[in-house]
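Position chains B and C relative to chain A; hints supplied.
From first to last, the protein sequence lines stand for chains A, B and C. In my numbering, each residue carries its 1-based index in the first sequence increased by 1393. In my numbering, each residue carries its 1-based index in the second sequence increased by 1393. In my numbering, each residue carries its 1-based index in the third sequence increased by 1393.
Hints are supplied without guarantee of correctness; some may be wrong.
Since the list gives no way to pick out one identical chain from another, each pair is judged satisfied if it fits inside one copy or across any two copies.
[Claimed, not checked] Simulated crosslink set (EDC-like; lysine to aspartate or glutamate; CA at most 20 Å straight-line):
#, residue 1, residue 2
1, LYS1432, GLU1679
2, LYS1694, ASP1682
3, LYS1591, GLU1646
4, LYS1591, ASP1682
No wet-lab data here; the hints were simulated from the structure.
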Amino acid sequence: MIVGRTNQKSYTLSEITELYGGDLVGDSKTRICGVASIKSAKAGDIVFLADRRWRFDVELTKASAVILDKNISLPNETPVILTSDPYLYFAKVSTLFNLPQQTQPNVSDKAFISSSAKIASTVSIGPGVVIGARAIIEDYVSVQAGSYIGIGVKVGNSTTIFPNATIYDGCVIGKNSVIHSGVVIGADGFGFARDSEKKWVKIPQIGVVVIGDNCEIGANSTIDRGALDDTVIESGVKLDNQIQVGHNCRIGENTAIAGRVAVAGSVVIGSRCQIGGGTLISGHLEIGDDIVVSGGTFVAKSLKNPGRYTGVFPTDDHVHWKKNASVIRHLRKMMDKIKVLEKKIGLS
Amino acid sequence: MIVGRTNQKSYTLSEITELYGGDLVGDSKTRICGVASIKSAKAGDIVFLADRRWRFDVELTKASAVILDKNISLPNETPVILTSDPYLYFAKVSTLFNLPQQTQPNVSDKAFISSSAKIASTVSIGPGVVIGARAIIEDYVSVQAGSYIGIGVKVGNSTTIFPNATIYDGCVIGKNSVIHSGVVIGADGFGFARDSEKKWVKIPQIGVVVIGDNCEIGANSTIDRGALDDTVIESGVKLDNQIQVGHNCRIGENTAIAGRVAVAGSVVIGSRCQIGGGTLISGHLEIGDDIVVSGGTFVAKSLKNPGRYTGVFPTDDHVHWKKNASVIRHLRKMMDKIKVLEKKIGLS
Amino acid sequence: MIVGRTNQKSYTLSEITELYGGDLVGDSKTRICGVASIKSAKAGDIVFLADRRWRFDVELTKASAVILDKNISLPNETPVILTSDPYLYFAKVSTLFNLPQQTQPNVSDKAFISSSAKIASTVSIGPGVVIGARAIIEDYVSVQAGSYIGIGVKVGNSTTIFPNATIYDGCVIGKNSVIHSGVVIGADGFGFARDSEKKWVKIPQIGVVVIGDNCEIGANSTIDRGALDDTVIESGVKLDNQIQVGHNCRIGENTAIAGRVAVAGSVVIGSRCQIGGGTLISGHLEIGDDIVVSGGTFVAKSLKNPGRYTGVFPTDDHVHWKKNASVIRHLRKMMDKIKVLEKKIGLS
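Excised from the complex, chain A in its bound form (with noise of 0.2 Å):
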């Protein structure tokens, strides 16, 4: 079901690789008006595969047009667009037919605006919304109904912030970036000192968060802000929905990190990283550049060399889980006896 953004406009099949490339193997005058999936695509529409374990699927799709893996045959006719990438390819379509939503300059008398805060005058403010003494709002900015925009806060250009999202004092954020709903910047990090007592003393949180462009937060996200210096997201970083930073951290340009991630305080994370789904990296650690991390697993030690790790208990049966994972607990006897049996009968 598609949402209020179609593009009504039509492309054919030449249009369509007039603008983004691709060899053409088929009628070129073939008309698309929509992406879909292969399953549920009708007439019109244009699909993707990207893996040959898919392609009988496509025997049996409605689709118009399959942008497809250059690598791959088809067992119909159905026109195709050949390319290295389909999947790079049909983001660039789908977003030709599906440009992001358009809001219309408006503040709602609704919200509430602080008369030191400086509002471009193209924005669009929704109902409820807060803005603090001296944010600064940049044109083109959506900030949708209920959200808080903090004191000092700068929003840059183009950048679009969901409902009920709340920035704190003095966060800034780039240009083009989106901010889902319930995403808190700028709360405070976890920085307590134990005393004698082993009471907790707060220490003051007073660096902010730092957001560079184009990236995007998820939602039900937290960024603490830093403990004396700042929390940085650099340029291009997208995060999936619930991930925590701590505070201090910087995340390098173009860094993926899939969901539930959490990431303890002054964790540096370098460029195009790719942390997977509900991994854990400690506090004070380095990531290199070009690291990628599976999902589920418990980071350590820093990783300073490009490459993939893991750690993770692998899943089985919950019988036969329990026979083997009592074993760990002998696991250092049971080296040792090897090594004595090695010895015993003239192995080592």
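Same frame as chain A, now just chains B and C:
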């Protein structure tokens, strides 16, 4: 401390067994005014006991009656209702005494409702609520303070949406469902293709989220809209707090998922499954019907046969853990050495 | 970047040691205007050094003074305050320079406050706040924009509730506590009984949440109301972001829980515990006093003796992980084979 929803009426034990069955032992005229835990019960309360282990606690209870597993006998003479499933029986009796809050039909003048939205006359809409164009809010729905209902959203009969929840444009929620505070339904799925410069190109997320009847979605959970088709939560599904459901997932009828579970994109989960807290399920997997997954498990492969599955590192004191965990990177070598030993002494 | 709460006053080092003790080495008249990190400090700032590893960084700092562990000597001649706990000392000095924000008493005319709520004259209530019937808001409380305070809720003296938090009906929050944005307190616990058709019957959750004094609850955390009795967070407890606390839990005084921890229902955690990030604690367990649990651990059994507990799969590069992890399902067999070998060659 009971809040505002106690049924003032009292019932005798015989009235209760008439409603819900069970074998009554003791004075059938005993009058019950409410439910409680064994420890905090006072005269007039009814409690339940399902596990033999706590049976001596019942000696000390001030409760006037006990809903009891028919295979347990009690050391004291409190009246009991014997049943094969005391927990289920208790659920019914508790509901009798604690009827769901009935909110009076009322639309706050501090709500912002689009003129094209269709709002039944029996709804309750709190202050600060925003309801978008063409939304449909059916009879007896309660949308509480600060919640956001997007353009074209449909909310079915008798559903309750607690304060500060967010439903993005186009999503559909069935009847008799409960959406808790901070829930975000329909934010964009995490769909990006990487270009030749290793930047991420966003794939428009044009599906929606469809939630069935009698569902409950726990606080701060997030359910992403589909990339092309819809994300579907079937009827009777119960999600605990802080659940993450990625785009294109389908969760089958009457499946229950405990707190903090994350389900990556395009996962299909069957009916009547029970997923333990903190579990992670990788993308594109299939989980069959009647599957139980233990809490804390990382599911990296499809699970087809009914049964229980686990994958958790056993916890130990830190010193022993360290000793044994450090052996894990030698496991393959150990297995090989055992083979060599077996050969050497003629065991294989 | 310091936001809005710097104390403009400056202090000499001798004034600081008069307030907080420590041994002063160097010019006691050195004037301090604020705190900073070693790297970003400028003249007038004071920094702290607790770990020998960073002692050469201090050579390059522009700070005017260093709060120093008394067992470390510095390579340069910056004035120092020697103390046995530099981090705690720094916490106090930082608080001196960064007083908590004082919000002016003010009730927004865009808030919605029930006429039966009792609101002290010194409170600050932001736009969009909703306060339910019979709620009690004590002196100097700040309830910030968009937060929801349910029916009968009590918020103690000097507590701050950041924007867009939600407190369900009947919950109680003590004095001097801090509730961050997106927090949901008192949503229904996850309590369902399964009927004969494998459908879930909801058990009314009739307890509340009671939070003590001097607590801090991090952004987007969720604490469920009790099923029958209350969920209790005792005084001095500090919860980081995205913590989940199930129904009926009790968390003891001055326990600190790092980000993304999930505590299932009916868990009792003692006083002064420290639970590392991402840890999961199964239902109905008891964690004693002074227990430390490492991050990423799955706690499946009660932990009674003080000490540190861990259960984490060690991370490796993916290829080695795969090689070794796949051996785990043969562990029991390996142990058995070792026994056979030992027998065979007369070792057991």
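These are the hints, each one checked on the structure:
no.	hint	verdict
1	LYS1432 - GLU1679	between (43 Å within a copy, 17 Å between copies)
2	LYS1694 - ASP1682	within (15 Å within a copy, 29 Å between copies)
3	LYS1591 - GLU1646	between (40 Å within a copy, 10 Å between copies)
4	LYS1591 - ASP1682	between (39 Å within a copy, 12 Å between copies)
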